[in-house]
Amino acid sequence: MTAPIKTAVVTGAGTGIGKAVALGLLHKGYSVALAGRRREPLEQVVAEAGLSGTRALVVPTDVSNASSVSQLFAKAQAT
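Whatever position you read off the sequence shown (first residue = 1), add 50 for this note's numbering.
Just so you know, these hints were derived from the structure itself, not from any lab.
There may be inaccurate statements among the hints.
Straight-line distance between alpha carbons at most 20 angstroms, and here's what the computed EDC-like set of lysine to aspartate or glutamate pairs gives [what the hints assert, rightly or not]: (1) K56 <-> E90; (2) K125 <-> E90; (3) K125 <-> D112; (4) K78 <-> E90; (5) K78 <-> E98.
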């Protein structure tokens, strides 16, 4: 029996509390979809975690746009 894969979606993952939450979850073994308006800060969080995208998915997202949020969850579920 294999352990279930733990997956989380973190918005605002490029800075502040969102960044801290994303890093904490990554270090605990979660697969994390990192969402935020700008790609670069999200990629910096992945680099800081010491991961090369194996459990971290960077998804630039505008949470004020329903279509953007739908795309975020579709990408998170596909991984």
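Hint-by-hint comparison with the structure:
no. : hint          : verdict
1   : K56 <-> E90   : 25 angstroms, violated
2   : K125 <-> E90  : 18 angstroms, holds
3   : K125 <-> D112 : 14 angstroms, holds
4   : K78 <-> E90   : 23 angstroms, violated
5   : K78 <-> E98   : 15 angstroms, holds
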